[in-house]
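Start from the sequences and build out the full structure, keeping to the hints where you can.
Letter by letter, the chains look like this.
Protein chains: 2
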Amino acid sequence: MPQSPKVTAVDSLPANEAKWIEFQKITWSDQTGKSRIWEAASRKTRGKSGVDAVAISTIIRHPSRPPSTIVILQYRPPVGAICVEFPAGLVDESETPSDASVRELHEETGYKGKLSYISPTIVSDPGMSTANMQLATVEVNLKEGDKEPEQALDDGEFIERVVVPLDSLFERLEAYSKEGKMVDARLFHWAAGLHFARTML
Amino acid sequence: MPQSPKVTAVDSLPANEAKWIEFQKITWSDQTGKSRIWEAASRKTRGKSGVDAVAISTIIRHPSRPPSTIVILQYRPPVGAICVEFPAGLVDESETPSDASVRELHEETGYKGKLSYISPTIVSDPGMSTANMQLATVEVNLKEGDKEPEQALDDGEFIERVVVPLDSLFERLEAYSKEGKMVDARLFHWAAGLHFARTML
Numbered sequence: 001m002p003q004s005p006k007v008t009a010v011d012s013l014p015a016n017e018a019k020w021i022e023f024q025k026i027t028w029s030d031q032t033g034k035s036r037i038w039e040a041a042s043r044k045t046r047g048k049s050g051v052d053a054v055a056i057s058t059i060i061r062h063p064s065r066p067p068s069t070i071v072i073l074q075y076r077p078p079v080g081a082i083c084v085e086f087p088a089g090l091v092d093e094s095e096t097p098s099d100a101s102v103r104e105l106h107e108e109t110g111y112k113g114k115l116s117y118i119s120p121t122i123v124s125d126p127g128m129s130t131a132n133m134q135l136a137t138v139e140v141n142l143k144e145g146d147k148e149p150e151q152a153l154d155d156g157e158f159i160e161r162v163v164v165p166l167d168s169l170f171e172r173l174e175a176y177s178k179e180g181k182m183v184d185a186r187l188f189h190w191a192a193g194l195h196f197a198r199t200m201l
Numbered sequence: 001m002p003q004s005p006k007v008t009a010v011d012s013l014p015a016n017e018a019k020w021i022e023f024q025k026i027t028w029s030d031q032t033g034k035s036r037i038w039e040a041a042s043r044k045t046r047g048k049s050g051v052d053a054v055a056i057s058t059i060i061r062h063p064s065r066p067p068s069t070i071v072i073l074q075y076r077p078p079v080g081a082i083c084v085e086f087p088a089g090l091v092d093e094s095e096t097p098s099d100a101s102v103r104e105l106h107e108e109t110g111y112k113g114k115l116s117y118i119s120p121t122i123v124s125d126p127g128m129s130t131a132n133m134q135l136a137t138v139e140v141n142l143k144e145g146d147k148e149p150e151q152a153l154d155d156g157e158f159i160e161r162v163v164v165p166l167d168s169l170f171e172r173l174e175a176y177s178k179e180g181k182m183v184d185a186r187l188f189h190w191a192a193g194l195h196f197a198r199t200m201l
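So the protein sequences, as listed, match chains A and B. Throughout the first sequence, residue numbering follows the UniProt record's numbering, covering 1 to 201 in sequence. Throughout the second sequence, residue numbering follows the UniProt record's numbering, covering 1 to 201 in sequence.
Worth flagging that the hints you see were computed from the coordinates, not collected in a lab. Hints may contain errors.
Intra- or inter-copy, both count: the list cannot distinguish identical chains.
To be verified - Derived pair list, reagent style EDC-like, types lysine to aspartate or glutamate, alpha-carbon separation capped at 16 Å:
hint: 1; residue 1: Lys19; residue 2: Glu39
hint: 2; residue 1: Lys6; residue 2: Glu39
hint: 3; residue 1: Lys147; residue 2: Asp11
hint: 4; residue 1: Lys34; residue 2: Glu157
hint: 5; residue 1: Lys181; residue 2: Glu160
hint: 6; residue 1: Lys6; residue 2: Asp30
None of these values were measured; they are calculated from a predicted model.
What follows is the structure, encoded as structure tokens:
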């Protein structure tokens, strides 16, 4: 029976012990020609594509249900909480971000879909990190009576998937937040843009 | 005359030299009770509010122009490029995120607006970072003939503001990307959600 994950200690990490991320001391020349220093975190895992990660905005269409998307819930040690995110993952060394999008959606949610859009490379938190990503749209067309597919998780992966109608996504994310879950900023922004278009324009 | 900023060197940063960010070695107990390690980057600047930063989705309404938002363009050393972002900034030690939103919008764009919404605390990149933020909506109502206000930038801040009609925001971000600018993932997701609602629902 699964236990509640929890953070048991937070220590400072010496640079020479870090396996997945590294610290950069960036020297740059500003608009006046002055030399300055900026500090940033970077992933060590970026492969040939030059893109760290992909996230997937899934659109599920069904003959008798409203258009929906999928969010995933998983414990994230950096923030010590269950996070609510779009399905997402790192791009493998020799795969394309497009292939990674369809693969990750299948692994994390069980759904196989068709990639209909992939964004340019965008940056996750450019004030403190080199991390970049692409946002994919994957469409899943269901027929009446289709069963919910099985996830294809690795051993030790605990990821819950939730299908959410698009017209209640924003309210659902706010409700998750009230329960103590942490919503990913990118997913929240997508939902806020959608909500804004539907209610204020 | 301003020069083009550029990165001149990238070195590894020893933990004891870092002033703004730090590395955490997080020990956590997973769903099977097994003890595991996670590596994360963290800002050292978080104040009393518990929130690192705010970003502002501005809505400008004008009697004869379409509803618009403001994006800012600034050079970001971690990604070595001009980034396109919502106006944003760190929350000062003793201010509230709501106050920071109105203050930052004024400093970076010159516009004074009314806060109409602030999100729960959301997390920017929870797989590698503790960074968190809140997303504000600030409304600016202009009258016919109102002039574009002056920015209130600090010395050494080079921030360009651009007013963009909401109905062309998504295409504008894709165009910036084609020019070699890097679009912030959170702004891009907001625009993608808005675009999706207008074109596919």
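Status of each hint after checking the structure:
Taking the shortest Cα distances, Lys19 and Glu39 sit within 16 Å of each other only across copies (8 Å), while inside one copy they are farther apart (18 Å). Only between protomers do Lys6 and Glu39 lie at most 16 Å apart by alpha-carbon distance; the minimum there is 15 Å, versus 29 Å within a single protomer. For the identical chains of this complex, Lys147 and Asp11 are neighbours neither inside a copy (45 Å) nor across copies (52 Å), given an alpha-carbon limit of 16 Å. Proximity of Lys34 and Glu157 under a CA criterion of 16 Å is satisfied inter-copy only: 13 Å between copies versus 48 Å inside one chain copy.
Within a single copy, Lys181 and Glu160 get their C-alpha atoms as close as 13 Å, which meets the 16 Å cut-off; across copies the closest is 36 Å, which misses it. For the identical chains of this complex, Lys6 and Asp30 are inter-copy neighbours only, at 7 Å across copies versus 43 Å inside a copy, given an alpha-carbon limit of 16 Å.
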